[in-house]
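The opening position of the sequence shown corresponds to residue 6 in our numbering, with each subsequent residue numbered one higher.
Just to be clear, a hint being listed does not mean it is correct.
Below, in silico cross-link-like pairs of lysine-lysine (DSS-like), each with a Cα-Cα straight-line distance of 25 Å or less [stated by the list, open to error]:
1. K221 with K253
2. K171 with K158
3. K253 with K267
4. K225 with K158
5. K225 with K171
6. K253 with K218
7. K163 with K200
8. K171 with K88
9. K225 with K253
10. K158 with K218
11. K218 with K267
12. K88 with K75
13. K200 with K253
14. K163 with K225
15. K158 with K267
16. K253 with K163
17. K200 with K221
18. K267 with K221
Please keep in mind that the hints were generated in silico from the structure rather than gathered at the bench. Note that the structure is predicted; figures quoted are calculated from it, not measured.
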Amino acid sequence: MEWLASFAQEEQERIEERWQAEEGEKLSIDEENDDDEDITEIGQAKEEGEDTDVTMDPEFPTAFMGPPVKCTPVAIAMFMAYKCFTEDLGVSMANAIHAAFIRHYDTMDSDTYRGRWHFDENKDGEADRTHARAMTMEDMERLLAYMQQQCPKDGEPKDLAALSLKAASLLFNTFTTTGFTLWTRNCETVRLQAKHFNFSPDPRPGRSPASVKYIKVSLKNRKNWQRKMKKGEHGLNGHTYNIHPQLKTPAIDMYTHMLRWKEFYETHLLK
């Protein structure tokens, strides 16, 4: 942001001017004043660990660019103070800035920076997260068995309650198999839209269109993609996926569950 860059430059100039002035005063004292009390005070200050030098975090000018860094909270507070007191824009501006930054970081890289945040050098600034264990094949099989028990796939719904139950069952099976197959977190899976799917992809070279049986899914901003890009792991993002039928493992057959839910949605909910 221009304000941060301008402020950082002006502050650096002030620090240099003050440093030069202090150095001049020290030389003057050394040459003209040999007062023992002054020397004693200087020695005591050094022993107590006092440090009058002021240095700015080198990341301060770019504290609002990308993920939050150590000096981002200070930069936000200073920006709010500048807007409210220097430009006299009042408390409403402070509330607006506060809300804007919360939303900005809440939506950055899914929910990586959502909630209370503190800087951790070992984690490159990412907030602490308590994750549940990953779903296993056995978990998926139990989920499918339970859903089939609650809502058998055979037969058409006879009333509104049965229709609602079937809609929920098909949606749940599609959601869980999609997350398991693409290995996305729930917050990423719920953001998928029709534009991310291609249900009629081009046939592979040398194959007829009738032989094509897969769904193409395009994802961006996957989990940890920023960290991988920072490390130069550009080839590990995996943004495009070809989803094929897995009839031998129905508990994770995203292809079949997705098409069943899509057909049901178009038949019953889009009427």
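Evaluation of the provided hints:
no.	hint	verdict
1	K221 with K253	holds (21 Å)
2	K171 with K158	holds (8 Å)
3	K253 with K267	holds (21 Å)
4	K225 with K158	violated (33 Å)
5	K225 with K171	violated (31 Å)
6	K253 with K218	holds (15 Å)
7	K163 with K200	violated (33 Å)
8	K171 with K88	violated (54 Å)
9	K225 with K253	violated (30 Å)
10	K158 with K218	holds (22 Å)
11	K218 with K267	holds (15 Å)
12	K88 with K75	holds (22 Å)
13	K200 with K253	violated (29 Å)
14	K163 with K225	violated (41 Å)
15	K158 with K267	holds (15 Å)
16	K253 with K163	violated (30 Å)
17	K200 with K221	holds (11 Å)
18	K267 with K221	holds (15 Å)
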